[in-house]
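Chains as they are written, first to last, in the numbering used here: chain X, 1 to 324; chain E, 1 to 324.
Just so you know, the hints here were simulated from the structure itself, not pulled from any lab data. Just to be clear, a hint being listed does not mean it is correct.
If several chains are the same, the list does not tell them apart, and a pair holds so long as it fits within one copy or across any two.
[Said to hold, decoys possible] Cross-link-like lysine to any residue pairs, in silico, SDA-like; alpha carbons within 20 Å at most:
| hint | residue 1 | residue 2 |
| --- | --- | --- |
| 1 | Lys175 | Pro293 |
| 2 | Lys17 | Pro37 |
| 3 | Lys158 | Glu267 |
| 4 | Lys138 | His161 |
| 5 | Lys237 | Arg223 |
| 6 | Lys175 | Arg185 |
| 7 | Lys240 | Ser228 |
| 8 | Lys175 | Asp248 |
| 9 | Lys175 | Ala290 |
| 10 | Lys175 | Arg186 |
| 11 | Lys205 | Ala232 |
| 12 | Lys205 | Glu216 |
| 13 | Lys17 | Glu54 |
Treat the numbers as computed from the prediction; the structure is a model and nothing was measured.
2 protein chains.
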Amino acid sequence: MATAAPLTVGVDLGGTKIQAVVVASRRVVGQARHPTPQTTAAAVMAEIVETIKEALTATGAPAGASPRLRAIGIGTPGSVDGATGHVSQSSNVPGFLADVPLGPTVSAALGNVPVAVDNDVRVAVMGEFHRGAGRPFKNVLGVFVGTGVGGGLILDGKLRHGRGSAGEIGHTTVKPGGRRCPCGRRGCLEAYAGRLALEQAARRKQEQGHKTDLFEIMAAKGRDRVSSSVFADALEKGDKVTTRLIDDAVVALGIALANAQNLLDLEAIIVGGGLGDRLGPPFVARVAAAVGPNLRVPNHPPAILGTELGDLSGAVGAAVVAGG
Amino acid sequence: MATAAPLTVGVDLGGTKIQAVVVASRRVVGQARHPTPQTTAAAVMAEIVETIKEALTATGAPAGASPRLRAIGIGTPGSVDGATGHVSQSSNVPGFLADVPLGPTVSAALGNVPVAVDNDVRVAVMGEFHRGAGRPFKNVLGVFVGTGVGGGLILDGKLRHGRGSAGEIGHTTVKPGGRRCPCGRRGCLEAYAGRLALEQAARRKQEQGHKTDLFEIMAAKGRDRVSSSVFADALEKGDKVTTRLIDDAVVALGIALANAQNLLDLEAIIVGGGLGDRLGPPFVARVAAAVGPNLRVPNHPPAILGTELGDLSGAVGAAVVAGG
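Same shape as in the complex, but just chain X:
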């Protein structure tokens, strides 16, 4: 890559990995992925800087701070102060429960290039809206089915923030008094469709005597948690507990997404996240079929689509947020 186009970096910070991309002229021209250090916030921030440097090197640009590097965007879990670039209240990233000066620290380490910090789900929605499956539309709900279930809403082409907390489709009540959600309430969409809640439900089923191969598949893959790919493998092998849990997840998504559609009359709903991407088009098609019967205007459904950027939605969206 030897163009003179200015470069923008996007970073998707997660509990297990740091994904960086370099964008030039709206195209990804370099990328890198590192594991998230499981130690301190300082170590995490140092690793973000290393991941960015590696992604820049992958473009053919000189190592370290580049004169062509215009801006960096970072999507992170937790509560974000967009004005200061500080993050807090993330239980997924080591050290990020406390107040962490993420933006200023990364900026200082890379020649004081401007750094924009935003919520991980929101930047992923921006990625799919501007560069992925959402491009043909102006009114889109992005639903990211991962460890939890996050959402972001684009209305009339703009990300809706509300008073700071819009997009929480994961905490739509889909079954009053139903399964306990990681948020503490009962019957939320996330309690039926989030990876963590599914893992907990599978463990309870096993303790209740239901036979499942899910945890053997997990062990065989060398994992210590039931990842999206473990669920995908168990589903493919016809594991009954897994099949039943995913059936319930589809039903729950059908209710929650139809509720949103009935209220907002959107053009499209994009289903992504680790579980959404891994289970792929057959899962998205099942969700679409489950939405249909719950629609007030069934003959005019929204397009229900998988992501186009897959696990790069967040990093690309972070670059978009930074102007790239």
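Based on these hints, arrange chain E on the given structure of chain X.
Chain E only, in chain X's frame:
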């Protein structure tokens, strides 16, 4: 009233009554209410014209078409073609299941004054937003609990139409597989909170042997249907079936409104409609209390308010839509 300010008329067409107001300088300066003829669309439109004339007379303006009458807005049930002023698919207004040239007919009868036609719930939301309880806010959901449950959404100060069907909060699924809704599906908010569904549920309870005074109260008031005021009287008298049904309606509203809040992070939710207005502030306070536990961000709830315009929300909103 002897000002020279131009007059705008707003009409709220319902299945049982036609309410007209005359607005000058943003104030209601005259009004009239007639029963809706239970015969033909032509009779209904003729009665709308008479109601408008009576409302204009009440302002002190000369009878009939007034040179100061600038425009007329009409809110109607059914499917509205805003460009032509035609209405169809309303089962509540006699003759309005077929295509009815409502706007052109009323315009021709009143000196060809411009007539704007819009959906009854949407205009009621516009009334409360611009002239009622919604004035301090820019992001508001209006929920009208009447024969059915309708809704309208104001985002960033603008009514959201979506692709034509936005606002259907009444068909949020609040209990999967639950009570049959007049729309044919199961478990909708309207099945638990709409007046018609409540009346049907009360009849089933009575047929199942539950004792209720609801239908005696209805008969004593000379009604042939369980109106909002009949429900209010039965509730006040401690009728057990009614108490239980309204308890369930509050729970259902708590779920549906919290779902909308979690997704949109609104400033305010306005609860109106025949049942909402008649049961009044204690009912609205109960709904607010039921919303709270379902909120993702419980320490930052929306204001949950009753209407300020009461049963004039629709007529005033129709005048607003017509520029008054």
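Structure-based check of all given hints:
{"no.": "1", "hint": "Lys175 <-> Pro293", "verdict": "both (17 Å within a copy, 14 Å between copies)"}
{"no.": "2", "hint": "Lys17 <-> Pro37", "verdict": "within (8 Å within a copy, 68 Å between copies)"}
{"no.": "3", "hint": "Lys158 <-> Glu267", "verdict": "both (14 Å within a copy, 18 Å between copies)"}
{"no.": "4", "hint": "Lys138 <-> His161", "verdict": "both (16 Å within a copy, 13 Å between copies)"}
{"no.": "5", "hint": "Lys237 <-> Arg223", "verdict": "within (18 Å within a copy, 63 Å between copies)"}
{"no.": "6", "hint": "Lys175 <-> Arg185", "verdict": "both (11 Å within a copy, 16 Å between copies)"}
{"no.": "7", "hint": "Lys240 <-> Ser228", "verdict": "within (17 Å within a copy, 50 Å between copies)"}
{"no.": "8", "hint": "Lys175 <-> Asp248", "verdict": "both (11 Å within a copy, 15 Å between copies)"}
{"no.": "9", "hint": "Lys175 <-> Ala290", "verdict": "both (15 Å within a copy, 15 Å between copies)"}
{"no.": "10", "hint": "Lys175 <-> Arg186", "verdict": "both (8 Å within a copy, 13 Å between copies)"}
{"no.": "11", "hint": "Lys205 <-> Ala232", "verdict": "within (18 Å within a copy, 47 Å between copies)"}
{"no.": "12", "hint": "Lys205 <-> Glu216", "verdict": "within (15 Å within a copy, 51 Å between copies)"}
{"no.": "13", "hint": "Lys17 <-> Glu54", "verdict": "within (14 Å within a copy, 71 Å between copies)"}
In terms of the numbered hints stated before, the structure departs from none.
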